[in-house]
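A.B. asks: Please model the entire structure based on the sequences and the hints provided.
Letter by letter, the sequence shown follows residues 0 to 293 of numbering that gives the first Met the number 0.
The set of hints was computed from the structure by calculation and includes no laboratory data.
As the structure is a prediction and not an experimental result, all values here were calculated from the model.
Note that the Cβ used here is the ideal one computed from N, Cα and C, for glycine as well.
Do not rely on the hints blindly, as some may be mistaken.
Calculated pairs, DSS-like style, for lysine-lysine (alpha carbon to alpha carbon, straight line, at most 27 Å) [what the hints assert, rightly or not]:
hint: 1; residue 1: 137; residue 2: 196
hint: 2; residue 1: 137; residue 2: 79
hint: 3; residue 1: 79; residue 2: 196
Listed next, with one range per pair, are the computed distances between beta-carbon atoms [as the list claims (entries may be wrong)]:
hint: 4; residue 1: 283; residue 2: 200; range: 38 to 48 Å
hint: 5; residue 1: 231; residue 2: 286; range: 15 to 25 Å
hint: 6; residue 1: 70; residue 2: 259; range: 52 to 62 Å
hint: 7; residue 1: 53; residue 2: 207; range: 23 to 33 Å
hint: 8; residue 1: 99; residue 2: 256; range: 27 to 37 Å
hint: 9; residue 1: 87; residue 2: 231; range: 32 to 42 Å
hint: 10; residue 1: 186; residue 2: 104; range: 33 to 43 Å
hint: 11; residue 1: 127; residue 2: 255; range: 27 to 37 Å
hint: 12; residue 1: 207; residue 2: 104; range: 39 to 49 Å
hint: 13; residue 1: 200; residue 2: 160; range: 35 to 45 Å
hint: 14; residue 1: 165; residue 2: 200; range: 30 to 40 Å
hint: 15; residue 1: 46; residue 2: 4; range: 35 to 45 Å
hint: 16; residue 1: 149; residue 2: 256; range: 42 to 52 Å
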Amino acid sequence: MLFSGVEVHGHRGARGLRPENTLPGFAHALELGVDAIELDVGLTSDGAVVVCHDQVLSPVTLADTVPARPGDPSFPYVGKAIRELTLAQLRTVDAGVRRPGDAFTATQRPLPGTGIPTLAEACGLLGPAGVRLSVELKTDPGWPDALVALFTDAVAGVLASAGLAARSRLLAFDWRVLAEARERHPGLGRTALVERKTLVPGTRWLAGLPPDDPVGAALAAGATALSPEHVLAVPSLVDDAHALALPVAVWTVNEPEDMSRFIKYGVDAIVTDYPDRLRRVMAEHGLPLPPAVT
Numbered sequence: 000m001l002f003s004g005v006e007v008h009g010h011r012g013a014r015g016l017r018p019e020n021t022l023p024g025f026a027h028a029l030e031l032g033v034d035a036i037e038l039d040v041g042l043t044s045d046g047a048v049v050v051c052h053d054q055v056l057s058p059v060t061l062a063d064t065v066p067a068r069p070g071d072p073s074f075p076y077v078g079k080a081i082r083e084l085t086l087a088q089l090r091t092v093d094a095g096v097r098r099p100g101d102a103f104t105a106t107q108r109p110l111p112g113t114g115i116p117t118l119a120e121a122c123g124l125l126g127p128a129g130v131r132l133s134v135e136l137k138t139d140p141g142w143p144d145a146l147v148a149l150f151t152d153a154v155a156g157v158l159a160s161a162g163l164a165a166r167s168r169l170l171a172f173d174w175r176v177l178a179e180a181r182e183r184h185p186g187l188g189r190t191a192l193v194e195r196k197t198l199v200p201g202t203r204w205l206a207g208l209p210p211d212d213p214v215g216a217a218l219a220a221g222a223t224a225l226s227p228e229h230v231l232a233v234p235s236l237v238d239d240a241h242a243l244a245l246p247v248a249v250w251t252v253n254e255p256e257d258m259s260r261f262i263k264y265g266v267d268a269i270v271t272d273y274p275d276r277l278r279r280v281m282a283e284h285g286l287p288l289p290p291a292v293t
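C.D. replies: Encoded structure:
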């Protein structure tokens with residue numbers, strides 16, 4: 000799945016402006032104009048695919064309200080793993096207000112009462128908008144292979160049911176997801192995420208592949224694109240990826256001077272918490288902008 004020019008990818012929707020990984024956040028990113036929405040998913044104990052960044056519900060972005068049923072022994076839910084909770088329990092959690100003092104509270108508009116959506120609900124919003132979906136599966140090397148396969152199948156099934164497989168990419172730091180998707184869901188794009196901590200000697204993140212050549216390893220793992228942490232996205236990495244026909248989507252870039260630098264490096268997409276800032280920088284460079292969707 001090819002990129003076209005420099006793309007605007009809204010990180011968790013538009014995390015700097017609206018609550019992350021929420022339907023209102025996605026809607027705001029669409030209103031600004033993005034090529035793709037990046038979002039994170041987890042798998043509940045009863046098999047639902049939900050949109051949430053952390054495997055363990057974080058008090059930074061989430062707050063308990065009421066238990067799903069009176070006397071629920073699992074309540075409160077914040078601080079517990081998504082894999083241990085049901086969809087009904089997650090439905091009670093408020094995702095609309097960040098913890099005071101967090102870095103994004105100065106720019107993010109709170110929306111109290113906003114819930115955690117399912118991936119199917121996100122597809123219902125994003126499908127008609129025509130944007131692409133970059134869906135990051137939140138696993139880690141501690142997950143058993145069978146559960147990684149189950150999760151990958153569940154996500155692929157939701158995207159297929161929504162008719163969005165051709166417009167979607169699966170993203171993962173745990174490259175077993177990429178290998179699983181290549182084998183069982185070859186129609187989906189597959190983006191290899193890398194950051195400094197996943198490229199250390201003896202790493203377990205890369206599905207057994209060596210970390211000294213992340214571009215070659217990503218291709219061997221089944222990636223169709225590479226998404227490096229911004230500090231890793233040096234010109235030589237971009238050139239090496241392009242030599243193997245791998246588009247490069249750099250994350251997470253929020254400062255205009257950095258956006259301009261990566262445009263000059265020739266990256267194919269920039270993942271940002273502030274799509275509005277990136278659009279202004281791209282306009283200054285004379286680059287085409289994705290249309291706003293209202």
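A.B. asks: If a hint holds in the structure, say so; if it does not, say that too.
C.D. replies: Each hint, compared with the structure:
no.: 1; hint: 137 - 196; verdict: holds, 16 Å
no.: 2; hint: 137 - 79; verdict: holds, 15 Å
no.: 3; hint: 79 - 196; verdict: holds, 24 Å
no.: 4; hint: 283 - 200: 38 to 48 Å; verdict: holds, 41 Å
no.: 5; hint: 231 - 286: 15 to 25 Å; verdict: holds, 23 Å
no.: 6; hint: 70 - 259: 52 to 62 Å; verdict: holds, 56 Å
no.: 7; hint: 53 - 207: 23 to 33 Å; verdict: holds, 26 Å
no.: 8; hint: 99 - 256: 27 to 37 Å; verdict: holds, 29 Å
no.: 9; hint: 87 - 231: 32 to 42 Å; verdict: holds, 40 Å
no.: 10; hint: 186 - 104: 33 to 43 Å; verdict: holds, 40 Å
no.: 11; hint: 127 - 255: 27 to 37 Å; verdict: holds, 31 Å
no.: 12; hint: 207 - 104: 39 to 49 Å; verdict: holds, 41 Å
no.: 13; hint: 200 - 160: 35 to 45 Å; verdict: holds, 41 Å
no.: 14; hint: 165 - 200: 30 to 40 Å; verdict: holds, 38 Å
no.: 15; hint: 46 - 4: 35 to 45 Å; verdict: holds, 38 Å
no.: 16; hint: 149 - 256: 42 to 52 Å; verdict: holds, 43 Å
The structure meets every hint from the earlier list without exception.
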